[in-house]
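There are 2 protein chains.
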Amino acid sequence: MSHYQQTDRRALYAVLDQALVAHLSIVRHGCPMALPVGFARDGDSILIHGSTGSAFFRDVAEGQEFCVNVTHLDGIMYARSLFDSSMRYRAAVIYGRASVVSAQKKEAALLKLAEHLMPQRQREIRPMTQKELAATMVLRIPLETASVKDNRASSPDEPNDDHSVWAGTLPLHVVAGEPETSSATQSGVAPPESVLTMKARFTTQ
Amino acid sequence: MSHYQQTDRRALYAVLDQALVAHLSIVRHGCPMALPVGFARDGDSILIHGSTGSAFFRDVAEGQEFCVNVTHLDGIMYARSLFDSSMRYRAAVIYGRASVVSAQKKEAALLKLAEHLMPQRQREIRPMTQKELAATMVLRIPLETASVKDNRASSPDEPNDDHSVWAGTLPLHVVAGEPETSSATQSGVAPPESVLTMKARFTTQ
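If you read the protein sequences in the order shown, they are chains A and B. Take the first sequence: its position 91, counted from the start at 1, is 90 in numbering that gives the first Met the number 0, and no numbers get skipped. Take the second sequence: its position 10, counted from the start at 1, is 9 in numbering that gives the first Met the number 0, and no numbers get skipped.
Don't read these hints as lab results, they were simulated from the structure. Among these hints, one or two may not hold up.
One copy or any two copies: either way a pair holds, since identical chains are not told apart in the list.
Listed below are the simulated SDA-like cross-link pairs for lysine to any residue, each with C-alpha atoms no more than 20 Å apart in a straight line [unchecked claim]:
hint, residue 1, residue 2
1, Lys111, Pro126
2, Lys198, Ser84
3, Lys198, Asp73
4, Lys130, Glu157
Only a predicted model underlies this, so the values are computations on that prediction, with no experimental measurement involved.
Extracted from the complex, chain A is given alone in its bound form (with noise of 0.2 Å):
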């Protein structure tokens, strides 16, 4: 993957920009450990959170580093070769380590990131309570030491193919279904701006 690598910060910040979901990796007892997170980024850093409860956030807590990958899977490239093929994606990587959100800027960074996560939804409920802001801890994680892969361009010719065989790409892309209403929903409750809104940006152009 190394051909792609890119330094753009701006590239970066669109490929964290278009995810949900990232994998945070620790090194707990000598030995590697991930989980996949719900992140947030808030100017030159990510937000993620978790339970006070979490062994692992509180490793993380404790300032070890950890390496953070976002990855989009953007489509299967058939080249005339199992050897040339593969995927096109892009791919961020993060190393560093993560700092507290001190309980005074916590409530903020929380909103921060539920506006990414859940955008406008936090209008449509009640606000968090104290109990849930205090069983709750925000990470923060610089973006210091990120690179980025986008292997959107390249292409699975060779020179050396037999060009009466296909070669070309799959896209891939996520898109958001119908609004799956909960049982107890009062009947006659229609999905919201905020879902709707999340719908229409997950839909194949």
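Following the hints, position chain B against chain A.
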């Protein structure tokens, strides 16, 4: 995420068989390092491949402990509080050490991998060369220490909620777009069976 842990082997296999990409984490020089990799399940193990020139893969091949994550983001669960909101997902985590597939078994393992990542494609293209085989390393990772979580049956409803507020889930799916023919493919050559089969697999229900 601990509420949804399952030990059912079939559930683990289903999560793996429906995915193309995993995140593979190792410890390098005391720090976590993770990369996205294409993979396939082969019985009670998974196969990954990489370049023999990759320091990352050589470290994995040397029997270092690793963590493999395979995550499907299936939707966004809108509860009536930010605290209870979450993602709908299926996620597998595998811990262990990899072994290098021997030279004698390498080609069969690569064809197994290819059949998962690009079903039927190997019939349409030239065979691998000895040089290509020599440049590729295949690793087998046993599914001995593996767990799978699936929260698709969970609801965003809480007993004390105001049920006049909408709650529910926005489902997310991966879908394929129209195949993009590479510029060096002779005109008139249509996307082959392999690509059409994969396109049909990634179609919304």
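Comparing the hints with the structure gives:
no.: 1; hint: Lys111 - Pro126; in the structure: within (14 Å within a copy, 51 Å between copies)
no.: 2; hint: Lys198 - Ser84; in the structure: between (32 Å within a copy, 17 Å between copies)
no.: 3; hint: Lys198 - Asp73; in the structure: both (19 Å within a copy, 13 Å between copies)
no.: 4; hint: Lys130 - Glu157; in the structure: between (60 Å within a copy, 16 Å between copies)
Taken one by one, the earlier hints all hold for this structure without exception.
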